[in-house]
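Asker: The residues making up each chain are set out below.
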Amino acid sequence: MLNRHASLSSKRRLVIFLVPAAVLLLLSLFAPLLAPNDPNATSAMMMNHAPCADYPFGTDQLGRCICSRVLMGAGTSIFSAALLVILTFLAGATLGILAGWYGGIADAVIMRICDVMLAFPQMVLAIAVAGILGGGMTNAMLAMGISGWTLYARLARAQVLSLKEEPYVQAARLSGLRFPRIMFGTLLPNILGPLVVNATTQIGVMMIGIAGLSFLGIGVTEPHAEWGSMINFSRSYIRLAPWAVFAPAAAIVLTVMVFNCLGDSIRDYLDVGGEK
Amino acid sequence: MGKYIGKRLLHLLWIMLAVSFLTFLLMYLTPGDAAMKKLYAQGVAVSDEVLENTRENMGLNRSFAVQYGDWLLHALRFDLGSSFKDGFPVSEKLLKGMKNTAILTLSALALALAVSLPLAFFTAVKKNSLPDYIVRFFSFVGNSMPNFLISVLLMYYLCVKARLLPVVAENSLRGLLLPCLALSIPLCCRFIRQFRAEILEQLGKPYVSGAVLRGVKKRYVLASVLHNASISILTIVGLSVGTLLGGSVVIETIFRWPGLGKLAMDAISSRDYPVIQGFVLLSSTIYVLINLLTDISYRLIDPRLDKKEEESSC
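Order-wise, the sequence lines are chains X and W. Going by the numbering used here, the first sequence opens with residue 1, and the numbers climb by one from there. Going by the numbering used here, the second sequence opens with residue 1, and the numbers climb by one from there.
These are computed hints drawn from the structure, not numbers from a lab. Accuracy of the hints is not assured; some may be wrong.
Covered stretches of chain W (chain X as the covering partner; in silico rule of three or more C-beta atoms under 8 Å from a C-beta of chain X) [what the hints assert, rightly or not]:
(1) 17-28
(2) 77-86
(3) 105-119
(4) 221-228
(5) 278-284
Virtual Cβ for every residue (Gly too), placed ideally from N, Cα, C.
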């Protein structure tokens, strides 16, 4: 993506973007240990305080440490987005492979369900579901995932359909292997590439989606630290304490950029089409 | 062509039936019963007698299938019940909001297209030049920004810092500017990326090098590239309507633009279920119809598609 990497091989570029992604994942896992202050401790003395030695990113209008909250928010945002992508990936890929392999009624039913889920604009459905179920990370993930799996299902099905006629798949079938062996041993390794590329780009999409729900107050809710809800919480005080908005904002943009770059470089590395 | 449209309409019919069923089910499955929710939304003291009466009036004592059928028959006549909160018909509220949302989303879409198409063309033709890198860098950053963040930043810089515009949007052209910008920036960034990739693909095709070698004038070559890329461009635009409808909920809530999205968020915070239901149903209907229209317009752009279908069905 960036010009200074244009001359590098796709493999080196992949490694270059894997490092920040791994660092972000580690940060999100070890956030409680790294946070300089208690992310939920309020302080009447330190409201809207500018960044200083004790509070590297300043404090919000309740005197909470922004740096600690951004770190804890990394845990929430990255963890929930990654988990959501993994879950929708597993569900969608399994259903797609089943539909493609068995065809007939199973195929028809699964694909018709896909069609119906795709008839709802994703964020509209997510907002309605999250709004009805009320706040909370699980509900926000459910709201985003309810139509998220269709992407993998359709992709996996299309891949399996074209793979089914390949001689080596036919051979596996004729040798009497059971379906689980064929699925994990023969089909999955051959269709994984495009699925993984799409899954990586979906991490950013899901992160933005969950942050959006939290921003609207129907995702992860206060006092639980999450970047979207932090921005919403502090935006009315932006004149007094711009750092309370800019720190989580920078965190979201950088994280999504890292995962989008990673997705692009995986696509280049595996050399598969996928979503443009 | 006619056969194709008929087939698609039939498909659409059953999709909308399933969509309406799911929308109804969503509300049916919410915790607590509708009579209770209605009374709470109106702030009425709930006694057993009042509750029983309300249930009877709302027809909640009937079976699920009957309730759904009844709701569907009314929905077909665009009668989506009345708001729990103030008793106004939901369809009236939706129509009023839809007008404002249409103004907002269409102007955002027009702006995004007006900026992204020339830029995508320019950067694709001048691939790997400095302007290409700059445009690609900004579109990449914009792609990684949630729309609510763009709104907050626009508000901060234009309203708070530069004091150019009022923070709360008035229902006027001036008030439209910020929400329209906030909605179109992320869209524009995505369009540039997708259009550029599509145009690059077309530029790499043999017909382009053939035309260039034969000395065809550049603008004629670019015109046929645009024509051939238009199917993909239309698909991208058609699908973006879903993003626009979802994005307008966020943008309208932030800027207090009185459209569908704000209506939906207000309904969510006051648990006004019929309005939420109407919003989901209306958004999906718009989305599905627009995608049908894009599919049909492919065939107008490229009649070969029609032929192909006929051959494959024989």
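Asker: For the region 278-284 of chain W, do at least 3 residues have a Cβ located nearer than 8 Å to some Cβ of chain X?
Answerer: Satisfied; 4 residues make the cut.
Asker: Count the residues of the region 17-28 of chain W whose CB lies closer than 8 Å to any CB of chain X, then report whether that count reaches three.
Answerer: holds (count 5)
Asker: Check whether three or more residues of the region 221-228 of chain W sit with their beta carbon closer than 8 Å to a beta carbon of chain X.
Answerer: That given contact is violated, which follows from only 0 residues of the region 221-228 of chain W lying within Cβ reach (below 8 Å) of chain X.
Asker: Apply the coverage criterion to the region 77-86 of chain W and chain X: a residue qualifies when its Cβ sits closer than 8 Å to a Cβ of the chain, and three qualifying residues are needed.
Answerer: Result for this restraint: violated, n = 0.
Asker: Do three or more residues from the region 105-119 of chain W put their C-beta atoms closer than 8 Å to C-beta atoms of chain X?
Answerer: This one is violated; 0 residues, fewer than the three required, reach chain X with a Cβ under 8 Å.
Checked against the numbered hints given earlier, the structure breaks hints 2, 3, 4 and satisfies all the rest.
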